[in-house]
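Listed here are the chains, written in short residue letters.
Protein chains: 2
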Amino acid sequence: MDIFNKALAEHKKYKGKMEIVSRVPLNNKEDLSTYYSPGVAAVSKHLAKHPDQTNIYTNTHNSVAIVSDGSAVLGLGNIGPEGALPVMEGKAILFKKFANIDGYPIVLNTQDPNEIINIVTAIAPSFGGINLEDISAPNCFYIEDQLKKRLTIHIMHDDQHGTAVVVLAGLINACKVTNRKLQDSKVVLIGAGAAGVAIAKLLYQYAKPNIIAIDSKGVITKKRKNLSPEKLLLSSYSQDNTATDLKGSLKGADIFIGVSKSNLLNKEMIRSMAKDPIIFALANPNPEITPTDAINAGAAVVATGRSDYPNQVNNVLAFPGLFRGALDTQSTINESHKLAAAEAIANIIKSPTKTQIIPSPFDKNVVKVVAAVYKK
Amino acid sequence: MDIFNKALAEHKKYKGKMEIVSRVPLNNKEDLSTYYSPGVAAVSKHLAKHPDQTNIYTNTHNSVAIVSDGSAVLGLGNIGPEGALPVMEGKAILFKKFANIDGYPIVLNTQDPNEIINIVTAIAPSFGGINLEDISAPNCFYIEDQLKKRLTIHIMHDDQHGTAVVVLAGLINACKVTNRKLQDSKVVLIGAGAAGVAIAKLLYQYAKPNIIAIDSKGVITKKRKNLSPEKLLLSSYSQDNTATDLKGSLKGADIFIGVSKSNLLNKEMIRSMAKDPIIFALANPNPEITPTDAINAGAAVVATGRSDYPNQVNNVLAFPGLFRGALDTQSTINESHKLAAAEAIANIIKSPTKTQIIPSPFDKNVVKVVAAVYKK
Chain P
1 MDIFNKALAE HKKYKGKMEI VSRVPLNNKE DLSTYYSPGV AAVSKHLAKH PDQTNIYTNT
61 HNSVAIVSDG SAVLGLGNIG PEGALPVMEG KAILFKKFAN IDGYPIVLNT QDPNEIINIV
121 TAIAPSFGGI NLEDISAPNC FYIEDQLKKR LTIHIMHDDQ HGTAVVVLAG LINACKVTNR
181 KLQDSKVVLI GAGAAGVAIA KLLYQYAKPN IIAIDSKGVI TKKRKNLSPE KLLLSSYSQD
241 NTATDLKGSL KGADIFIGVS KSNLLNKEMI RSMAKDPIIF ALANPNPEIT PTDAINAGAA
301 VVATGRSDYP NQVNNVLAFP GLFRGALDTQ STINESHKLA AAEAIANIIK SPTKTQIIPS
361 PFDKNVVKVV AAVYKK
Chain A
377 MDIFNKALAE HKKYKGKMEI VSRVPLNNKE DLSTYYSPGV AAVSKHLAKH PDQTNIYTNT
437 HNSVAIVSDG SAVLGLGNIG PEGALPVMEG KAILFKKFAN IDGYPIVLNT QDPNEIINIV
497 TAIAPSFGGI NLEDISAPNC FYIEDQLKKR LTIHIMHDDQ HGTAVVVLAG LINACKVTNR
557 KLQDSKVVLI GAGAAGVAIA KLLYQYAKPN IIAIDSKGVI TKKRKNLSPE KLLLSSYSQD
617 NTATDLKGSL KGADIFIGVS KSNLLNKEMI RSMAKDPIIF ALANPNPEIT PTDAINAGAA
677 VVATGRSDYP NQVNNVLAFP GLFRGALDTQ STINESHKLA AAEAIANIIK SPTKTQIIPS
737 PFDKNVVKVV AAVYKK
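Protein sequence lines, in the order shown, are assigned to chains P and A.
Counting in the working numbering, the first sequence runs from 1 upward without gaps.
Counting in the working numbering, the second sequence runs from 377 upward without gaps.
Warning: the hint list may mix true and false statements.
Pairs of lysine-lysine, DSSO-like flavour, derived with a Cα cap of 27 Å [what the hints assert, rightly or not]: (1) K391(A) / K148(P); (2) K472(A) / K96(P); (3) K29(P) / K425(A); (4) K382(A) / K524(A); (5) K643(A) / K557(A); (6) K12(P) / K388(A); (7) K524(A) / K6(P); (8) K405(A) / K350(P); (9) K29(P) / K623(A); (10) K584(A) / K552(A); (11) K623(A) / K643(A); (12) K261(P) / K6(P); (13) K623(A) / K12(P); (14) K12(P) / K557(A).
Covered stretches of chain P (in silico footprint by chain A; criterion: 3 or more residues with CB under 8 Å from a CB of chain A, positions within the stretch not fixed) [stated by the list, open to error]: (15) 12-25; (16) 76-82; (17) 105-112; (18) 122-128; (19) 135-142.
In silico negatives: residues of chain A with every beta carbon more than 10 Å from chain P [claimed, not checked]: (20) T430; (21) D521; (22) K524; (23) K552; (24) G569; (25) S707; (26) T731.
Rather than coming from a laboratory, the hints here were simulated on the basis of the structure.
Quantities reported herein were computed from a predicted structural model and do not represent experimental measurements.
Where a beta carbon is used, it is the ideal one built from N, C-alpha and C, also for glycine.
Excised from the complex, chain P in its bound form (with noise of 0.2 Å):
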């Protein structure tokens, strides 16, 4: 039985899986009087008249919805709610998993992104953070950034910015596997959505490599018109470009990061990189190319999104120990936590191989040097 097979079979045994359990006690009615009627009428009046309190009698110190429209889940692209709650009810139990973090999957019947807004804000009391996932560009941009002007809670993108912090991560470390510096290297990037946006402004932030960005159109540049404004910022981080699609744009490039479509690249493409080229084939959940024939084809580090590979650039690396932190400090994520929270993954691989570069998710340690960086 394949792993798909395998998870299908999974889920409908478990019917879910995920459940909500008392933290209190609950056997007579003395502790229905304390933590129910009449007793939760004096915590309900004190938040009343101290409502920035609901996280120290309320599980809001360590609570953050995982809010979903179902607009762009996994690689499957627009497959709406439904489709989108099992990886929501996947990621709750990540978030307990690896940060003790309660995690409360919400699926949305509605893709337009003021309404996500409105209702964001409308939910937003009875949660810690807000974690939004699989919401497809370039909504996402927006909808992220007015909520952060409107909720002092911590916001979060995860397609975003966990998989930016996680791919700067394995790039440090494949950099000094292969003996290069990020900073000299080409990078070639297709997928321009909300992960190649992140991805690409935090390389750009951490080292400013030349950084020459593809979309389904072909390779951003200034000259194209009516480009979005990320996509804009994108073209600004190529040097003397002058290639038009991913093959002429791969020869003699350093590193290839793929966050769009699988089979994209072949062993011929990878033969026209520089020597010891590095292969970050993200899509989900098939790769740009399978590890295999990148490396038959010279690649010297290859990555991929999934579990059953070496090097998983995964989320799971960035999101828990980024949460738990701002839960921890009441604090919202900015830039230089970021690119802090990439290097701390990398150093806990003292010493990165062809096939370790990041470290595993059930590694302890990433959880805590992650969190640990809301505090520098």
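Position chain A against the provided structure of chain P, taking the given hints into account.
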């Protein structure tokens, strides 16, 4: 330390009453691949094609959103979302304790009924049911009505229907204890909000007693102008009524039901009622009269909303079973379900007495007999 100070201290100690935990193993890469990426993609694809099957592959078969706008919290009035949150968390742990249902507390920072309808409609795919809670009248009637029209999942405003079911259950047995028939009784009901309206409607459906309903402006009669549709209905339930206030209405009455404010009822009024009157003083957290005073004035049976007196009229006798049965049978509640639930709760007490007209919330038969009403 009284119950209110104890509740404050305990809530501060636990910092929230619930948590979200995994029901699936998450111990290695194989588990990650099965319950998250890449395996979950198979489940997402399947649900995108078959959105009606979330209850087979996700937690919607067992989940209920507990939604409040904080406009009518307990007896405390409009105290906002933060004040409402500890009550909703309390409800979540009661759902789990009594019916093994996963309740998600969601408080809203809007009180606009149309916005609430849009928000609940948008988040509905995440859940198997919606428990509306502590939303003030008359908005609660409109919101529940519109949501029932828009959504196919089980919707219930517990302050209305949960309360009404338990009040009717208690009255059935209180009538047995005092040897009267509900259909021949004069009932004085004070408080014409969510609970009062629903109680009057259910009692009238059950036995057509003479019900005199009173709101803050006095007895509700057809002579009053600008009555809401709900209050107009209530006015049609009274026979031969000339009194205009609580004191006058209570003369010779068999049953007092208060869902209003503390200290509205005094001993003199009880003495003016029929022999062996039934007093349901349900204001929360402090009843319309203390049970001690009511009994001293001649009350035969006294019920309150509190767990620290005998005969607690507590919604927890109704909502867990009503939602358990609805989720298990994929039904929505109707009037005959509510009447059957009230009778089922009453019938658990084989030989009712003055101090035991309703079962304890900890009686495990309660949820079973209530959930079973959907199968009849």
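Right, here's what the structure says about each hint:
no. : hint              : verdict
1   : K391(A) / K148(P) : 26 Å, holds
2   : K472(A) / K96(P)  : 19 Å, holds
3   : K29(P) / K425(A)  : 47 Å, violated
4   : K382(A) / K524(A) : 39 Å, violated
5   : K643(A) / K557(A) : 24 Å, holds
6   : K12(P) / K388(A)  : 39 Å, violated
7   : K524(A) / K6(P)   : 37 Å, violated
8   : K405(A) / K350(P) : 22 Å, holds
9   : K29(P) / K623(A)  : 34 Å, violated
10  : K584(A) / K552(A) : 17 Å, holds
11  : K623(A) / K643(A) : 11 Å, holds
12  : K261(P) / K6(P)   : 23 Å, holds
13  : K623(A) / K12(P)  : 61 Å, violated
14  : K12(P) / K557(A)  : 51 Å, violated
15  : 12-25             : holds (count 12)
16  : 76-82             : holds (count 5)
17  : 105-112           : holds (count 6)
18  : 122-128           : holds (count 5)
19  : 135-142           : violated (count 0)
20  : T430              : 5 Å, violated
21  : D521              : 20 Å, holds
22  : K524              : 17 Å, holds
23  : K552              : 24 Å, holds
24  : G569              : 17 Å, holds
25  : S707              : 18 Å, holds
26  : T731              : 14 Å, holds
Hint check: violations occur at hints 3, 4, 6, 7, 9, 13, 14, 19 and 20; the rest are consistent with the structure.
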